Amino acid sequence: MARLVIVDDQTPLAAVLAQFFSQRGFSVQTAGLEAALSLVRAHQPDVLLLDPYPGSSGLDGAELLRTLKALCPKAVIFIISAEIRDEKKATMLELGAKRYFEKPLSMREVLQAIHDNLSAEA
1 MARLVIVDDQ TPLAAVLAQF FSQRGFSVQT AGLEAALSLV RAHQPDVLLL DPYPGSSGLD
61 GAELLRTLKA LCPKAVIFII SAEIRDEKKA TMLELGAKRY FEKPLSMREV LQAIHDNLSA
121 EA
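Per the numbering used here, the very first residue in the sequence shown carries number 1; after that it's consecutive.
In short, the hints are calculated from the structure, not lab data.
There may be inaccurate statements among the hints.
Said to hold, decoys possible - Result set (SDA-like, lysine to any residue): computed pairs, CA atoms no more than 25 Å apart in a straight line:
id : residue 1 : residue 2
1  : Lys89     : Met107
2  : Lys88     : Val110
3  : Lys89     : Glu34
4  : Lys98     : His115
5  : Lys89     : Glu109
6  : Lys88     : Arg99
7  : Lys98     : Gln44
8  : Lys74     : Asp60
9  : Lys88     : Ser22
10 : Lys69     : Gln29
11 : Lys88     : Ala122
12 : Lys74     : Ala90
13 : Lys74     : Arg24
14 : Lys74     : Arg41
15 : Lys74     : Leu33
16 : Lys88     : Arg24
17 : Lys89     : Gly25
18 : Lys103    : Ala122
19 : Lys69     : Asn117
20 : Lys103    : Gly61
21 : Lys69     : Phe101
22 : Lys98     : Ala18
23 : Lys89     : Tyr100
24 : Lys103    : Ala82
25 : Lys88     : Asn117
26 : Lys88     : Phe26
27 : Lys88     : Leu13
28 : Lys74     : Met107
No experiment lies behind these values; they were computed from the predicted model shown.
With the sequences and hints as input, model every part of the structure.
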């Protein structure tokens, strides 16, 4: 069972994603940005869905991604965000995110990308 951590400060969306992926056989944990580092450190996920651009937390998305990659270098990281500026997308991909999904999400598209990446790593 693949371990998935969802990091998003939009609690209702995180809950919907958690239910969707749990029903498809993933072991899912969710966290807001403030708790993300300790959760990733404790659970060492195979996959991380990350919204690095919260509205008001003041955290830097690029720095958060760097830190999470250092904590869990084998995790496949996907960005899920409403931030659509090309330079932000490019930065996240350059820092090692596998793919950038814009909100609103196609959960089936995200699921397919996760399966594709986990299969490639196996």
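(request) Find the hints from earlier in the document that the structure breaks and name them by number, from lowest to highest. (result) 9, 11, 16, 17, 18 and 26
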